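Kindly generate the complete structure, drawing on both the sequences and the hints.
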Amino acid sequence: MRALMFGWEFPPHILGGLGTASYGLTKGMSLQPDMEILFVIPKPWGDEDQSFLKIIGANNTPIVWKDVPFDIVKERLGKYMNPEEYYRLRDHIYADFNYMYTNDLGCIEFSGRYPNNILEETNNYSIVAGVIARTYPYDVIHAHDWLTYPAGLHAKSISGKPLVIHVHATEFDRSRGNPNPIVYGIEKDGMDNCDHIICVSNLTRKTVIENYHQPEWKVTTVHNAVEPLSPEIEAIERLAGVPEKIVTFLGRITMQKGPEFFVEAATLVLKKTKHIRFVMAGSGDMMNQMIQLVAERGIADKFHFTGFLRGRQVYEMLKSSDVYVMPSVSEPFGISPLEAMQCGVPSIISYQSGCSEILNHVIKTDYWDVEAMADAIYSICTHPGMAEFLKEEGKKEVDEIKWEYAGQKVRDIYNRLVH
Amino acid sequence: MKTICFYFQIHQPFRLKRYRFFNIGRDHYYYDDFSNEDILQQIAGRSYIPANRMLLDLINQYKGRFKVAISISGVALDQLEIYAPEVIDGLRELSKTGGVEFLSETYGHSLSSLIDPVEFRLQVKQHTEKIKLLFGQEPTVLRNTELIYSDDISDLAYKMGYRKMITEGAKHILGWKSPNYVYQSATSTGLKLLLKNSRFSDDIAFRFSNYNWSEYPLTADKFIAWIAATPPEEQIINLFMNYETFGNMQPSHTGIFEFMKALPRFAFEKNIEFATPSEILDNHASVGPISVPNPISWADEERDLSAWLGNKLQQSAFETLYKYGERVRLCEDRKLKQDWLYLQTSDHFYYMSTKHFSDGSIHSQFSPYQSPYDAFNNYMNVLSDFIGRVKAQYPDTVDNEELNSLLTIIHNQEKIIKKLEAELKSVTDANTAKLVKKSEE
Chain A
1 MRALMFGWEF
11 PPHILGGLGT
21 ASYGLTKGMS
31 LQPDMEILFV
41 IPKPWGDEDQ
51 SFLKIIGANN
61 TPIVWKDVPF
71 DIVKERLGKY
81 MNPEEYYRLR
91 DHIYADFNYM
101 YTNDLGCIEF
111 SGRYPNNILE
121 ETNNYSIVAG
131 VIARTYPYDV
141 IHAHDWLTYP
151 AGLHAKSISG
161 KPLVIHVHAT
171 EFDRSRGNPN
181 PIVYGIEKDG
191 MDNCDHIICV
201 SNLTRKTVIE
211 NYHQPEWKVT
221 TVHNAVEPLS
231 PEIEAIERLA
241 GVPEKIVTFL
251 GRITMQKGPE
261 FFVEAATLVL
271 KKTKHIRFVM
281 AGSGDMMNQM
291 IQLVAERGIA
301 DKFHFTGFLR
311 GRQVYEMLKS
321 SDVYVMPSVS
331 EPFGISPLEA
341 MQCGVPSIIS
351 YQSGCSEILN
361 HVIKTDYWDV
371 EAMADAIYSI
381 CTHPGMAEFL
391 KEEGKKEVDE
401 IKWEYAGQKV
411 RDIYNRLVH
Chain Y
1 MKTICFYFQI
11 HQPFRLKRYR
21 FFNIGRDHYY
31 YDDFSNEDIL
41 QQIAGRSYIP
51 ANRMLLDLIN
61 QYKGRFKVAI
71 SISGVALDQL
81 EIYAPEVIDG
91 LRELSKTGGV
101 EFLSETYGHS
111 LSSLIDPVEF
121 RLQVKQHTEK
131 IKLLFGQEPT
141 VLRNTELIYS
151 DDISDLAYKM
161 GYRKMITEGA
171 KHILGWKSPN
181 YVYQSATSTG
191 LKLLLKNSRF
201 SDDIAFRFSN
211 YNWSEYPLTA
221 DKFIAWIAAT
231 PPEEQIINLF
241 MNYETFGNMQ
251 PSHTGIFEFM
261 KALPRFAFEK
271 NIEFATPSEI
281 LDNHASVGPI
291 SVPNPISWAD
301 EERDLSAWLG
311 NKLQQSAFET
321 LYKYGERVRL
331 CEDRKLKQDW
341 LYLQTSDHFY
351 YMSTKHFSDG
361 SIHSQFSPYQ
371 SPYDAFNNYM
381 NVLSDFIGRV
391 KAQYPDTVDN
401 EELNSLLTII
411 HNQEKIIKKL
421 EAELKSVTDA
431 NTAKLVKKSE
441 E
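Protein chains in written order, with the numbering used here: chain A, 1 to 419; chain Y, 1 to 441.
These are calculated hints, taken from the structure and not from any lab test. None of the values given here were measured: they were computed from a predicted structure. Watch out, some of these pointers could steer you wrong.
Capping the alpha-carbon separation at 30 Å, the derived lysine-lysine pairs in BS3-like fashion look like this [to be verified]:
id, chain 1, residue 1, chain 2, residue 2
1, A, 218, A, 188
2, Y, 312, A, 245
3, Y, 323, A, 272
4, A, 272, Y, 391
5, A, 391, Y, 418
Short, incomplete list of chain A residues facing chain Y, as computed with Cβ under 8 Å [to be verified]:
id, residue
6, 264
7, 268
8, 272
9, 275
10, 363
11, 364
12, 378
13, 379
14, 385
Idealized CB from N, CA, C, for every residue including glycine.
Listed below in structure tokens is the structure:
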């Protein structure tokens, strides 16, 4: 089974959960002996792990025929791919794109991020996809999130192979129910014309069925999983220098993540107890507002902001925490509580996050129910039996949530589509 | 001649209300009156009341040949008194017929037998008194909470004066032996035991309306035929089940009431009689001892304590609670003592079980909480408040032994004062008498 996948991010250079999920899923699928994956991203950095799949950069794929000598190609693209591939791709340019802005290799530049001209970038990505789709053989097409749906559809129109789209988030999640009509249009077009839709949670599946009017049979939930921790990360010790218990919020400080509910819960807890401190780690457009709120509530002496954390710092923060809280208002899946559980941190999550569908050994509350959240925080910090139990059972549980199993479910869908 | 022994259990816990940690120290009322009333009235209407009527009809119809035993926890009686007194009236009438034996158990439907023998003894005594008061019977057969039994518990019961007890016929204890005999405790050999026949009991209680069961539908003559077909030397069939089997767990439309009404007729045709546990234990000799080193119960497939004390949450809540047993018993506050009983009810621990995550079944069905963690949180918050109240009664610095002797002094001081006053009076009286005499002279 050969899959052509279109993605937008791939570790180690990631901006959000999409990259982590793409990596985990493809790695899990690569355990199937007959699975070959060709993964397209806008802009590879050259340090991606290509041991289990092949990565093609959209910015390294020519769409305009240029006569470039082998040495130049080797020098320019050597660290991304085999130079032969360039010529192979060049042989499949399918139209005259001389009117487009391209570089000396005949390639379009991509930022690989989420720039303001994102719509233009997705369109360019789709043009490049046409070349790639003509070059390589594959049995199924798999597109991750709306940015790549047009590319997926384009590939499908060329080869007639079945298209699976993977919904990691919808415009409804990102905008709290106030979707951008253009983005919605792209999403809807992708869903209407694909062969199967994979959602990361039943919550997302429901959104897809209700708000995008998809038939139920066409939509399947494949919950995300989590990569096991590496030994270096396992070895990180608790850093905290304060005797109090530490309760952590970790994530982008934006409306979708519900940071204000965390502050309100902290206020309630701090009114009653002295042995607990709160940390809000991350950055985002609501950060200043949150600092303001903390000051207003008069809890600034026990409530700390760390700013943006990257890589190892994230795990240092988690390992120093006694409770992890994710009060997301709408979270298609949410991998971070799983990571907290891997670090042995008892977690509190909202019912409105997709991961709550598969987690048992966590405490679940409604995101708006700050009293319940405060109660749960207090309980974990006060009863060692509870903390210990959640820690052990949570770790056991999360260790069983493997990408391998998710990969198998995706494979089953492929098998149904490819006859 | 074979004998069927029916025993029905009635129990309802006082469910706790949503009790946040902000309430600790401020709000000392712990119970969810609305849902307790609602649940109790529903079950009374669906199950207890029609079942009482059915039993009464059967006893009258067969003029004493049909008999059953009933055990009601004290917490259930307390709730019935408040929310559905007609159930108690019905039970009283049943008691008057002489065809119903009431068993004794712990007042709070507690697990105290496992950790606090003093508490266990007190609660059984309190329950016995309540049964005597309400139904005019003195129970002689002990039924421990959830049929929990072990050698240690048998010693405890024997020392309390019990010679008869009922428990589960757990397979891992019986091995090749049959539950259809009278046994005795291995350590206190004077204590006779009746064991539940799980197969026949569960046929009625759990499988009766199960369409997927190969024996569906279960009819009274088929059921009696099974019992009649057991080896002739096995003379006792113990059918122990929840009273809610009638009308609640098996709704009335399944025909459970009709099944039960038809049962005695077919039984008498096959020469099978009915008897109460005490009659059977009086009339049959034990065939041998049963050794139970680790406690058994009638719950779940494992028939052990794992439903209540299977995980760390349950154990830590349980241990925290019983740390205060001795101190609570020194207190006089009636409200405090009542809460103490209600908080011991086994159901609170049952709700904290994480077993159903794997087997997906019966635990969550009965729980008012969304998850075992919620159950633990809520219970611990209530318990913290309760402990605060216990500590407020007497200073923390005085240990229990010292407190006990001080309390004895306080308790006795009135007596001593009275005695001294009397002495003083007699002396002064004697003196005045002397003075009067002198002045007369």
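Checked hints:
1. A:218 x A:188: 14 Å, holds
2. Y:312 x A:245: 21 Å, holds
3. Y:323 x A:272: Distance of about 25 Å is within 30 Å: holds.
4. A:272 x Y:391: Holds, at about 19 Å.
5. A:391 x Y:418: With Cα atoms ~62 Å apart, residue 391 of chain A and residue 418 of chain Y exceed 30 Å; violated.
6. 264: 13 Å, violated
7. 268: 7 Å, holds
8. 272: 6 Å, holds
9. 275: Since chain Y brings no Cβ nearer than about 13 Å to residue 275 of chain A, farther than 8 Å, the hint is violated.
10. 363: Since the shortest Cβ distance to chain Y is 5 Å, the answer is holds.
11. 364: Interface hint status for residue 364 of chain A: holds (7 Å vs cutoff 8 Å).
12. 378: Nearest chain Y Cβ about 5 Å off; hint holds.
13. 379: 4 Å, holds
14. 385: 3 Å, holds
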